[in-house]
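All chains, please: the whole structure from these sequences, using the hints.
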Amino acid sequence: MPEITAIIYHKVGLHARPASKFVQTAAKYSSDIEVTHSETTANAKSILSVLTLGANKGAEITIKAEGEDAEQALKALEQLVLDNFGEDE
Amino acid sequence: MKSISGIPASYGIAIGPAFVFDRTEIVIETYSINDPVAEWKRFEEAREKTHQQLDEAYQKTKNDCGEEAAEIFNAQKLMLEDPELINLVKTRVEKDLANIESALYETAESYAQQLEAINDEYISARALDVRDVSSRCLRNLLGTTDSPAAALRTPSIIVAKDLTPSDTVLLNKDFVLGFCTAEGGSTSHTAILARGLGIPAVVGAGTDIENIQNGEDLVIDGDAGVIVINPDPVALKEFSRRQEIFYQLRAEAEAITHQPAVTTDGHQVEVVANIGNVEGVQTALDAGAEGVGLLRSEFLYLERSSLPTEEEQYQKYKTIADAFGDKPVILRTLDVGGDKDIPYIDMPPETNPFLGVRAIRLCLSRPELFKPQLRAALRAGYGNNLKLMFPMVATVDDVLKTREVLEECRDELKKEGYDVAEEMDIGIMIEIPSAAIMADQLSEVVDFFSIGTNDLSQYTLAADRTNAQVAPIASGFQPAVFRLIKGVIDAAHPNGKWVGLCGEMAGELLAIPILLGLGLDEFSMNPPAIPFAKQLIRSISLEHAQRVAQTALNLRSDSEIREYIQKMVPEVNIG
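Residue numbers (our numbering), protein chains in the order written: chain A, 1 to 89; chain B, 1001 to 1575.
Treat the hints as calculated values from the structure; they're not laboratory data. Ideal Cβ placement from N, Cα and C applies to all residues, glycine included. Be aware that one or more of the hints could be misleading.
To be verified - Here are the simulated distance ranges between beta carbons: (1) 1566(B) - 87(A): 54 to 60 Å; (2) 1408(B) - 86(A): 31 to 37 Å; (3) 1467(B) - 57(A): 39 to 45 Å; (4) 11(A) - 1255(B): 48 to 54 Å.
Take a look at the structure:
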């Protein structure tokens, strides 16, 4: 199962708008996608689960995907995190 | 015909049918079902309806308060479509044969509790959203009206126990003729909203108004604080006549509101506006405001889930300050705590929040909260007349500490290459008795004072203004409060500092002659009050006001002062 690791730079962490964008991006792909932060794993398409990870600014997250479009999904999510969720600060 | 007395909270007379705003709690029953497929279909229909409502709420909030505030409804949509949540609900319905209402309620509640338990202000605040969206969906399942506000379709007088900001955001303001509430004082949310909208209101009228039926004919007399139920034809005629005179006087006052407020003997004072958002700018300018005496910065922090960035604040402050050009705009820094809470700012519960870590105390203890606001203000004040004002200052030390942080921000900004306001006037709110008493020393370390009578009265009289039983004691018309105000003005003037007043009192016609006579330099009020206040100031002389103020200060009570002013300055009676 392919996986990537990324660090959240957004100042509110993987919450609020960044979390919404993350989940919306994941939902575009048919693959099963998981996101892990400090040993807790969440369904990347579930906003409620992603929020309960409590991934703050500086948190390291691991994203795994399994399915036909797994590679594309990981690429898109990685890009989203690298782009600071498309928000300037 | 029946009359109920309450607290007059906003001028004018409203005549129209009652709209009873009743927020009923939903009751969730738990039972077994036999047809899970049909039960699931009910859920899908309710979800679709909820989606539509959230889209509408998004659009409306976006138009009223901007995209940032509207964003929360998008997050709620995602929660409603959360695959994990839906799976859990599905299991409860298909395997346990639970009815959909109990399945949804329990699942959402368990997520809400999980989120609440996380030690992070942003996340724990989302518990509210999970509950909000699930209760919206539950209401759709049960067929109960979404919000009482939605049923308001004809011009009506709103009757309620009390109204929260979230209740009122949904009210179609075009259909609101007036407000009457059982609870609250003249500074409650409803009262402030009514004055902002320029419509009559009577608050704190007690449980008697609970007997008012939907659609019953009502008259609200916002001058006298009276609610009349089913007025007889004679009374109705009299109220209609007074309503007409009121609007005529208002039209006259409005016609010359852009002229200055100069007394008959040539003494000019400044009449400025209290505003709470960017939209208030135009209303204030139209009303004849000569600047902004109080820009409440809380608007940037409410209705959202995270702190506003420095950049965002800078943009908003600059827009407002630039709109007034050379005219002063006084930005009050974040004033939360006490009765004003912001979910994503972690404020531990206090036994006495009004005496606790609020306003400047909170800001000084949280540089991460305070500094972005100061930096934004310093940047926004470049090239206009923006001034800064700090709330809840109790001691000279508070000012010195605040100035230190401000200078730190200025140095940082300069190093970073920003244009900053070099000479920004710094003022403080006088709302704690200690500050009023120490005004002579405080006037040496600030450029101006603005008296906040709402808090100054409640702290001086030791009477909580949100407690209906004692709220009347916390009146700004108490001689004790006027004596403090006099002390502040007399201490500031010899040091060359000016004194304004931005409490509700500045716009109260009865108070204006006294304040004028005590030497107040600036009157800051809600825009709808400006034309009336200017008219009144133009109709009296400073000399007369001084004599009246001198006597008023020696009266014994709030009511003696009111009666005396009414007698001595008949111009205060409008309508």
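The hints, checked one at a time:
Remark: the range hint 54 to 60 Å for residue 1566(B) to residue 87(A) is upheld by a beta-carbon distance near 57 Å. A C-beta distance of roughly 32 Å is found between residue 1408(B) and residue 86(A), which places it inside the suggested range of 31 to 37 Å. The supplied range of 39 to 45 Å is met by residue 1467(B) and residue 57(A), whose beta-carbon atoms lie about 41 Å from each other. Separation of residue 11(A) from residue 1255(B) is about 50 Å and conforms to the stated range, judged on CB atoms against 48 to 54 Å.
Violation of the numbered hints given earlier is absent; every hint is satisfied by the structure.
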